[in-house]
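These are the residues of each chain, in order.
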Amino acid sequence: MNSLLEIRDLHVHFRTRDGLVRAVEGARLSIDRGRTLGIVGESGSGKSVTALTVMGLTRFANAIISGEIEFDGTDLVKLPDNQMRRVRGRRIAMIFQDPLSSLHPLYKVGWQIVEAIQAHENVSRGVARKRAIEALREVGFPNPERRIDSYPHELSGGMRQRVMIAMALTLKPDVLIADEPTTALDVTVQAQILDLIRKLKDEYNTAVIMITHDLGVIAELADEVAVMYAGRVMERTSRETLFTDPELPYTWGLMRSIPRLDAPRPGRLDSIPGLPPSLIRLPSGCPFHPRCSYVMDVCLTTEPKLEESKPGHLVACHLPAEERQKTGRDLQAQYTS
Amino acid sequence: MNGRTDQLRRRQARLGAGSSRVVWVLLLAALALTVGGCGKKSSSTLKGKKGGTITVLTAADVDYIDPGETYYAFGYEIVYTTQRPLYGYKADSLVVVPDLAASEPQVTDGGLTVTVKLKKGVKFSPPVNREVTSKDVKYAIERGFAASVINGYAGAYFSVIKGAPATPPKTPQPISGIETPDDHTIVFKLSRPSGALIGALTMPLTAPVPEEYAKKYDDLASSTYGMHQVATGPYMIANNAAGSISPGYQPSKLIKLVRNPNWSSKTDYRPAFADQIRFEEGYADATIATRKILSGTGDVNGDFAPPPAQLKSILANPVQKKRLFFTPVSGTRDVALNSTKPPFNNLHVRQAVAYVLDRNAMRLTRGGAVDGKIATHFIDPSFAGAGFEAAGGYAFDPFPSKNHAGDVAKAKAEMKLAGYKTGMYTGPPVTMVAGNAGAAPNTARVVINNLGKIGIKVTPSFLSASAMYTEFCNVPKKEPAVCPNVGWLQDFKDAQTLLDVTFNGKDILQAGNSNWGQLNDPKINAAIDAAEKLTDKKQRAAAWGKIDDMITLTAVEIPWIWEDYQTIFSANVNPARQLWNQGGPDLSWMSKK
Amino acid sequence: MASPTHPNEAPAPRPKRPGGGILGALAGPAGTVWGLASSSTFRYIVRRVLWGVFLLFVVSAITFIIFYELPNADPAQIRAGRHATPGMIKEIRHNLRLDRPFYVQYGYYMDRLVLHFDLGTSFYSEASVRSQIVSRLPVTFSLTVGAVVIWLLIGIPVGVISAIKRRSLLDRATMGASLVAISAPVYWLGLVVLFLFANDIGLLKLFGGAGSYVPFSQDPGTWLNSLILPWLVLAAAFTAFYARMARANLIEVMSEDYIRTARAKGLSERRVIFRHGLRAALTPLVTMAGMDIGGLLGGAVLTETVFNIPGVGRYAYDSIVNSDLPAIQGTVLFGAFFIITANIVVDIFYAFLDPRVRY
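Chains as they are written, first to last, in my numbering: chain A, 1 to 337; chain B, 1001 to 1593; chain C, 2001 to 2359.
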């Protein structure tokens, strides 16, 4: 079965003055047409760098990229720049976290959308402008003919993110990568944006990679979920399985740290002890071992491989599978009761 | 004429701002020994090629373009080519010759009447065009007294004429003591005999001005005749048909002199070789301007002197050396001690200062020996025969020291005579106001250092030259104890112009005072009064020579240098004689090669 | 599945200029900001111009006071010359109105200035100050315009290229050279340039030297030749400064999020740099250039002095040395006028360039 986009053994390292930053270490991901993949992790987990690498936006002088990113038959890692540009924005589009800083402050939003269109299609400005208006209408602007000439600072946060979505989707890309698109917005707007994404994704059968640290977003939107830590994919499964049956101590920690309205108020929020590791001086063996409550000796020396634990559920952990499944289920039961 | 040296030097001081000046200071020591002025005079001949344009490079503009107002070197360079006063000086000498006048002045009535006959056939330039009459000379002098014109020396030398106004009238008024019995005779009736008046007949104020043409300009609150002036000399400032000199005078940029079509060489002793003379103004950097002259893109320096560093290299170059000329500026630079302020009200303290000053070091701040000779009294060597020898010449040196470097021992001895037992001053610090540009502050610092050797501490202020003069040193009420950067130059070759205004107790003014020592010695005052009346040249020289010595011994002012003016000519011109009272070249005698 | 709701949040508040005040409140919602017909822009301009006029008054008053208070040469004594009788000095003082109280003198001066645009007569020469300044303006103008063209056409591209090729040999060379150019004192640089390249006193006789300036109307060829060295010297420090600013701004802008978005849209790097990067990076330089031009129009004193160019700057220097109050006042006012005007023009222009600061 050929996925639309498959990432195999991706390594992205950056040479810096302080040392070699291992941002992504052997990531393994895939997504099919029309499906939504959620990538969850803390800052520094490598989720954004992975996304940017898919877009070819990490091709700096000091970057070392290896592995394969197979998109519709082509390996994007080896694709020359000029060809990558034709993919970028046209077949794979990306929206970012802060729409105020992500839109050019000195150009009107209409101009920016038109530019996106004209970068890939040979149409006149008039035609592109009409399409831009339609795109704005689709994302929910009631008066797109007027709004098209607004500047980003004249719009609210939610409207700006809609503009970014419009700009990303107007060319009907195959994949939409959304890097924390709602983090900068407040909760009600958040819901609207997620609804919008879902609607458009259904309409155009777009594959969506949703990058977030918020499990709530995952619960809303994702079909499959990948948990990344220290540049590695540590767990990969469907949304339901992740919430009912997670098999990774890190994931357990994530679940535990979500406050719940329906549970009795705890004295204190549970958090995962310790800090995310330095990507320059990674811990030996399993990168999570310094913070893991279930750490064993082998965890300090050997890196766990991402393997199938049960059908459709990949885990990278040294804990024996039965133990993991039991513990996971118990914990989740505790929490969902 | 005072402070003109400082004005002259003020121009120089402004030049060489920035790095030039640093170079000066560095080269001072090196420069010290060498040289000695060439003291050579240019050869003034009546032979030369006619035609061509002479370019004079200057740093600043004239003080006044009006010939009746100008009182400054640069202004004189123009006036003496465009105007003809009653008398001038023979080339390269101190001999007075008639210019507009036809003959020597006749002094009668025991010196109370001076009669001058004018040449015939001298005409004004366009647009006036008519022949000059004695009435024009009368008017020229009368307008000098008016508030709308304000001539700087009219009061000093011409107020002895009967009827000369005591306070300036708003517009030119007739003076009864100037009579014009016919068109070519002018008679001065004086209230007392005055040798100075006769000497003053060489000044620009006596150059004729046509009243019917000039009156409308002179009747304004501030006369604009200067911008519409006419000429009687071989050259004129280029003007338009209406008489305005705007074509030839762009303030601070350019002054253009062209031939005066109405001038006739038959009535004049000037050769007037060149067809045009251009003054290019605004060369703030003396090094650049000197280099231009050396490279031939300028012909001669106007109101600045080549910096010492360049003087050194010119003197080291045998070809260039021939084009460098030194002329005395005819005056002294002095350190003034306010005799009304302690401790300088004590003669012995003043004499101690006269002993302790290191004149050599002071001269070094101005470039060393190339700048001139160390002065020992006030009448300078250019007055040979007119008072210099009578004052004792080089030999009169009442405060001698080895190499003029100052004698601390003798100074201390004087201090003891003044009552300071140890020979060191024990009182509070004294005030000083000095200049802040060019060599002035450096000279002042030498003086401060020297005063320290006899225990006198100084609290100095450094101001611009004009502020120093007009706000402090020239105002007796505000004058500090020491004014180290003063100086005085001649107005014409008469020792009275050096000594009267500067040392006569009668001439102490409440503002604009030039008697900086505030000397008011009855014996000296009487001697000056007597000497002013003498009309015989030899008697005047003898009398003023004695006065010079008396003044020097009071040490209210200590002269320290008889400066030379340095003129550098380009290779494209034949060097001309120097103006008798300036040191700058007389342009009517310059010719292009 | 819920349908998307309409964006019913209130629009983000527009950033307001400080000091909006009554006029700001009256301005109302500015729907269209284009065109001076817009009332709020017009009000803004009017307000700025009035403030500018007030500033000019203040500047003139301060100059007057400074001249009065600091120990300064007495113009009446200078004018009277040596040998002056007390009567003469008094007469001159009266003519020049120096015997009246300071506020009377100031009042007379402002009266002449405001009602007749008459800047008075110079104490030193008999020329009218206004005619002197006006006759020198074209000169200063020539000097300024040439220098501006050079520093914009050379400085900005150099800075941009250095930013693009960061840390390359070219980048290090240009930034090093720019440090030298900024540090070199103008007067010294002028002398060096003259001694090397002036066609009268230089080693290589290439361009017009000091004092070679003639008006354009008289001889365009010589005019141009005489200005090349002064332009280079005057522009040197500015070129270096603008290169460094352009480089720094562009480097900073290129790390902004919207550049990442532009790249993510699939635009060519060239377009990203020039349409997105430069547009944002060079906008602050416009403000700077405007202010610099305003300042230079008041006269580039050092350059005009060393090259003997008869401009306003030279006139200002001469008038200070001569303690010529009306001329000093005139040049200061002119300089202030240009700076204030440049300030206003730049602010208005900036509002066109950066929509975030509009009214």
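Derived from the structure by calculation, the hints contain no laboratory data.
There could be a bad hint or two in this list.
[Unchecked claim] Result set (PhoX-like, lysine-lysine): computed pairs, CA atoms no more than 20 Å apart in a straight line:
#1 Lys1216(B) with Lys1119(B)
#2 Lys2090(C) with Lys1170(B)
#3 Lys1119(B) with Lys1135(B)
#4 Lys1477(B) with Lys2205(C)
#5 Lys1412(B) with Lys1402(B)
#6 Lys1170(B) with Lys1120(B)
#7 Lys1049(B) with Lys1266(B)
#8 Lys1478(B) with Lys2165(C)
#9 Lys1533(B) with Lys1506(B)
[Claimed, not checked] Reference excerpt, derived from the structure (chain C facing chain A, CB under 10 Å, subset only):
#10 Arg2048
#11 Ile2154
#12 Arg2263
#13 Ser2268
#14 Asp2347
Even for Gly, the Cβ is constructed at its ideal location relative to N, Cα and C.
message = Using the nearest Cβ pair, does Ile2154(C) come within less than 10 Å of chain A?
response = 25 Å, violated
message: Check whether the Cα positions of Lys1412(B) and Lys1402(B) lie no farther apart than 20 Å.
response: 16 Å, holds
Would the pair Lys1216(B) and Lys1119(B) pass a check requiring their Cα atoms to be no farther apart than 20 Å? 27 Å, violated
Quick one, is the Arg2048(C) hint okay against chain A at 10 Å, beta carbons? 23 Å, violated
Q) Are the Cα positions of Lys1170(B) and Lys1120(B) separated by 20 Å at most? A) 33 Å, violated
Any CB of chain A closer than 10 Å to the CB of Arg2263(C)?
6 Å, holds
Regarding the pair Lys2090(C) and Lys1170(B), is the alpha-carbon distance no greater than 20 Å?
12 Å, holds
Can the restraint linking Lys1478(B) and Lys2165(C) be considered satisfied, given a maximum Cα separation of 20 Å?
-> Violated: Lys1478(B) and Lys2165(C) sit about 66 Å apart, past 20 Å.
Is the Cα-Cα distance between Lys1477(B) and Lys2205(C) 20 Å or less? Violated, at roughly 57 Å.
* Does Lys1049(B) pair with Lys1266(B) here, judged by a C-alpha cut-off of 20 Å? -> 18 Å, holds
**Study point:** Agreement of Lys1533(B) and Lys1506(B) with the hint, judged by alpha carbon distance not exceeding 20 Å
**Key:** Holds: Lys1533(B) and Lys1506(B) sit about 16 Å apart, inside 20 Å.
Does the nearest C-beta of chain A fall within a distance shorter than 10 Å of the C-beta of Asp2347(C)? Violated. Min distance 17 Å.
Hints 1, 4, 6, 8, 10, 11, 14 from the earlier list are contradicted by this structure; the remaining hints agree with it.
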